[in-house]
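Enquirer: So the protein lines, in turn, are chains Z and W.
Read in order, the letters of the first sequence are residues 1 to 491 in my numbering.
Read in order, the letters of the second sequence are residues 1 to 339 in my numbering.
No lab work stands behind these hints: they were computed from the structure.
Glycine included, each C-beta is placed from N, C-alpha and C at the ideal position.
Careful: at least some of the hints might be erroneous.
Taking CB as the label site, the calculated pair distances span [to be verified]:
#1 Q360/Z - N294/W: 19 to 29 Å
#2 N294/W - H282/Z: 24 to 34 Å
#3 T47/W - L341/Z: 23 to 33 Å
Below are the chains, spelled out letter by letter.
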Amino acid sequence: MQFVKNRFNYLFNSTKGLILVAIAMVGIITAVWGMLSGPMAEMGVREVVIKALGMKIVQAEREGRIIILYHSIAMALVAIETYMVTGLLKMKAFFKTAINAIITVGYILTMIFGMGFAYFGHNWAFHGVYIFGLSLIFFAGVLLVIALWPWNSEVYVTDMDYAHTKKGVDMERVAFFATAVTTVLSALFGAVPGSFYGHGFETFLAENIIRLPEKTTMEYSIIGHLHIMLALIAIMLTLIIGRWLNFKGVWHKIAMPMMILGTIVLNLGVWGVVTPLEPVAHMVIYVGATPSMLAALFLLIWSWGKLIREGTAHIQKPSFAQKMGALLHDPLKFGPTWQMLFMNFTTSGIGIFMAIRLEQIFRVWPAREERIELTGHWHALSAIIATIILMYYGDMIGLKGKVRQLYGWFILIFSDIALAAVTVFEMKRLFITEAAQQPLVNGLMYAIDFGLGMLLVLLAVVMVWRLTDLFNPKGRWTEEVDHELAQEVSK
Amino acid sequence: MKRVADIMSLRGGRSSRRSNLPINRGLPRAILRLCSAPLRIYALAMTFMLLASCAPVDLNAPIPTFDTGVDSNTWAQIPAGEFYFGQHEDFESTEAYEIMITDVTAAQYADFLNAALAAGYVKVAERGDKIVGFYPGDEFRGVKHEEEIKAGDWSYIPLNDPSQRIKFDGAVFNVQSGYENHPMTNVTWFGAWGYCEYNNSRLPTEMEWEKAGRGPSTGSGSKRPFPWGEEILRENANFYSSRDPFEDMSSVGSRTTPVGFYNGQKYGDYQTLDSASPYGLYDMAGNVWQWTGNVYEGMHYRFMRGGSKDTYDMDLRLWVRNNATPIYFSPGVGFRCVR
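Just need the whole structure built from these sequences, with the hints factored in.
Expert: Now the structure itself:
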């Protein structure tokens, strides 16, 4: 009994254990449901999985199923970020315990009962529990907002190297707070139309209605919701990575006000799509996105500078190669910010290019081509977010030496190959015709599938290792159970 | 606390060399050794595959020829009445009409072009790169993203596209051998509209198209997502990677199948399933997207239905819509007419 109790205590009562459980849950969902589409479907694996698991797939319900699938994965990611925030930032113990407990129950209920409802027949009790799970996550978000309240002298900065106001208010905490508040509010942007469209099976995927000249408020609300939630998950992760790396100094003092401003303006722009401000909403979104992305750039400049400085501290006059060596020495510290930079090629760059050449290029192509660009670039952003989390997790579990190198570079190289191929795939019509595209498509699909597949294999290996570790009475988990992320912030 | 400090000091590669913690032993180390050879193999395989992806495609590669026995000049009677329309099964109704049981074939379109050219209904564009015909234009409302479609000559088909199966020698239009009974592709919406108009018919509205594919609202299976029923198998239709005899995914990819191909016949070793709609229409799912006739207020886009050889099965569901500008053409887009 003690055996189970100790493991349960680690998995559900420690930050690292909670993160491990959530990553494992996402890994399982991704591995199983990844076999229902793309090349796995082409090879006939989909039919085998559907039969083996007893799934009930109704053609007319595909869009609703996918929406529940997205939410199941997204809620686990939101939970992971929440654990990281509660582990990194000062807050009352009660809040930390309550938030972690509520969001854990919330995402697990959402995932199990949501997927049960969507893929295994319509048990309406399951649907009710799914909604209950989402509500718990929302409630945990409200608690997080309260816990992050920055205008409290107990959490004012004492080290003047961090961005702060004259009174000592921690600007980084304000940025966390602003992101949490806007996330909770933006969740309502999905909840209201979600209720409107009923059971999730009379709804639509945003990419399928893009060209309709007139959209309803509810349709705009859903389009706004999906964009802003992904953006906010990315912003929160940027703040988390900054805290883990101990972002501070001049760049921090410039970046944090920009992050706060960007987050708020970005949200106002997105919320504006359901108001009479809709015609200028996109402009407001661009205005908001710019400072947020600049803040991420400042984090990159600062962290790369730090890696180079620290890595060449013992050399009096380091050469360029030595500086590069220092920068690339630790893939887990270099990787997250590199992925943020890489995101500009796979996501932001594509989005901006589409926006400025929409009529001349993308709207000349059929809607199904435009759908590939749309879904491709936000899947790429989601994948990048996942890889950044995995890199932080690799550091969190204490990977060292060659294993650390292998793990970090494995994630970076395979994900970037796959995502670069996705980007070329999205843009292929710029340089190849439909009739002549198949060999290129084959090559790109191999790169995408192998890249992402290898990431899943890596994740599986880590999960197997963590599982076997749980059976070791003196395993790694016994050390992690008492560790808190705040203790492990870079010096 | 010392233990914590030890671990914290071991962050980063350089400090890890001092590590004696168990984490450096066991499974991760074994994985490291295990991965080294597969990684090299993977790198080689990727290089090979990327090089292969640059291989040129022979668009005129030989194709099998099959007589499906389906007459593309046949029209189906669709009675007036209600049917389930759209993904969420709204009730809609239409008047009675007739619709072609197959897509317009390349041979039919070549015949049309020969007659229409002689009659002055179409002409060769000045540059000689396309066939154009007159279209009376649409009402322009200046809605966001809307482009004006003025009255005038618009492109029907390109002549210089390498995947065009209709060849023009300066006097006569002919079909590339083997493609006679394949659906006419690389035709713009104007080209489809012009064909139907010339033959005293018109393009189907989206509702007419969907009703013809789905059947009446009465009887079993009236909510069917595919013309033949609830589920789709590879032998039902021509879609991406459906492994029909015309497909070669290593080079040309998915190609069109002759109209009416999926009629239950066996072609060589390939057995098809009879996949006609309740009204007896073929190819209402897959093979080529089909232009429909609606001109919607405030938008210049024209809608297509049915999915194609290049799309996954989800796009073959009867309610799925695609759209493009009316000058768009593709080897995966064709049409049929109603009257």
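Enquirer: Can you give the numbers of the hints that this structure goes against, from lowest to highest?
Expert: none
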